[in-house]
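Work the whole structure out from these sequences, hints included.
So the sequence lines, in the order shown, correspond to chains A and B.
To get the working numbering, take the position in the first sequence, counting from 1, and add 97.
To get the working numbering, take the position in the second sequence, counting from 1, and add 97.
For identical chains, the list gives no copy identity; a pair is met inside one copy or between any two copies.
The calculated lysine-lysine pairs, modelled on DSBU-like cross-linking and capped at a C-alpha distance of 35 angstroms, are:
id : residue 1 : residue 2
1  : 376       : 444
2  : 392       : 414
3  : 299       : 235
4  : 283       : 380
5  : 372       : 233
Because the hints were derived from the structure by calculation, they are not lab data.
Bear in mind that the values here come from a model prediction, so they are computed numbers and not experimental data.
Number of protein chains: 2
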Amino acid sequence: MQGTAILLTQGLLHTPSAKTAHGLIRGSERFQVKAVIDSVSAGKDAGEVLDGKYRGIPVFGSIASFLQSGMGSAHFSILGVAHAGGAIAPEWMHSIRESIVAGMSVVSGMHQFLSENPEMVSLAAAYQVELIDVRKPKSRDELHFWSGEIHSVTCGKIAVLGTDCAVGKRTTARFLVQACRADGLKSEMIYTGQTGWMQGGKYGFVFDTTVNDFVSGEIEHAIVSCFREENPDVVFIEGQAALRNPSGPCGSEFLVSGMSDGVILVHPPGRIFYKGWEKTGRKIFPLANEIDLIKMYGVETLGIALNTQNLSLSDAKDWQKRFEDELSLPVVLPVEEGVEGLIPAVKQKLSELKR
Amino acid sequence: MQGTAILLTQGLLHTPSAKTAHGLIRGSERFQVKAVIDSVSAGKDAGEVLDGKYRGIPVFGSIASFLQSGMGSAHFSILGVAHAGGAIAPEWMHSIRESIVAGMSVVSGMHQFLSENPEMVSLAAAYQVELIDVRKPKSRDELHFWSGEIHSVTCGKIAVLGTDCAVGKRTTARFLVQACRADGLKSEMIYTGQTGWMQGGKYGFVFDTTVNDFVSGEIEHAIVSCFREENPDVVFIEGQAALRNPSGPCGSEFLVSGMSDGVILVHPPGRIFYKGWEKTGRKIFPLANEIDLIKMYGVETLGIALNTQNLSLSDAKDWQKRFEDELSLPVVLPVEEGVEGLIPAVKQKLSELKR
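Set out below in structure tokens:
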């Protein structure tokens, strides 16, 4: 599945909630993004809204104005907001109908499946387009149990974990793959979320939509397949949530079942509480404490990537310096400065593994 | 769903693999167990095979010999072996057919669903019996996301975790509920496995068959429902697997999303490697190290229950003494001596919570 696409972000493009869209604006080998539909950011360039970098992706206020712009239509209309779950809101249903009528197949990561909505199914049939539910679980005969085969993998396996959700784990992992390649290392990414698939990921699975019994086996299968088929020097495994995220702790699967050799940890110093759970008073744990927890799983943290939400660049740089001193680890600002500063630590780990 | 039942254990009754059957022999409010079908242990009493205690449950070598014994038939035939997954073996299919033809509904915890097997479905229809797949996932509209409502629960919440699979977490939790009740505390169990449901559990869910995104919400929903409807002093949450079990690490969900106030930790000193993964060389972590890891999740371990597999009673008592001295915690042998020795620590925690 490949083609041109528009992204629907329902006025949320400028917020972290549109993280699916943000990933696709940053880059995708599966979908070529032509435009974003967002009433709040209409008239701007989507890249500039995202991180100030122009990317030639215009934002339109409506699907109608996109279709009238002379850019032509697109193959796919992608719901670009990560939802915590629940029903599909009426305004979304409206945009989905409009997309179908305009002849675009709809890609959805919603928990409620479009392909189980009778109205959408008949509308899609009438306009001969597809409804693609990225969260739809695989059938049981496509799933794998953990087998221990991971013990046969000899390339480096580095998990990109975070101290919270929506901090840029996927983006950091993607940047690391690119930076390693630029440095002559054969590197691959193991995606674990729907956006990773949308970006064209070949090895991976959608973690949160997998029946629990198969999660560890799917991680192992993705890494083993990638290792056998691509023979990389190193794979970067996209983490999910955080080890102590109250609404769904996650991470030990990558460390234990995926046998990670090292961790790059993404942390948002400008956030106090776990995202979305401010009302419960659940604070994000201190960075050093998270590193200690990862160590209890037998894995060393190799470096830190900072998410700069709620911080000025100068404050972010202060945090960077502070953590470098405190932890004696390389600390980078991926979006602002890239991740090249982490590559020596990655290479050091790879050379240790070869010994 | 309630009634009389036979348990099929296919020659494995005397091994830890028959843990589903073992749980039901120990006790169930849902099924009244009349007999066990097991060629290896035929002629013995199932309770004596299990732990040397006579329970008046005869073991027959075949379904035919049970039916000819004069005990009458049963409502249900239950597959009593916990499988790591995969296809249903031919010898099982044979026993399932025999059960159906004898007019018994079949209860299965297999990963392959009987209700999706056309031959079994038509055979069950012909004999007017039911096929009950305990592992069949709930539909999405029956599932819950984590909401933070757990913060409103004021009773004690104690997780019964283990340092490995199949060490007696469920049995220990059941014993703790009974011992607390005997001591005048209103206590309830939150089941998280199929056997817990088979034993008649009212509050809980089948962890490993739940789509990952809903695991934390289902834990919360079970505890919150139990708290609201029963107003207990304390709930005991059945753990699953182990925090660092390679084939499926598990436990942080109970600690973080279920907001456990304390842990009772079950440990098998007679085992060196994680069960089933001896070939990978993955060793079970030392007990003190597991307690440290649990502490990193903010939860205190209140006491230890020892699984005595591979140990003489005298060796088990040596370990008990050694751990008591090393950890300054109460240590019990649940099957041999009961769990009463843990109740003072539970009550101490409950009184701290009330302050």
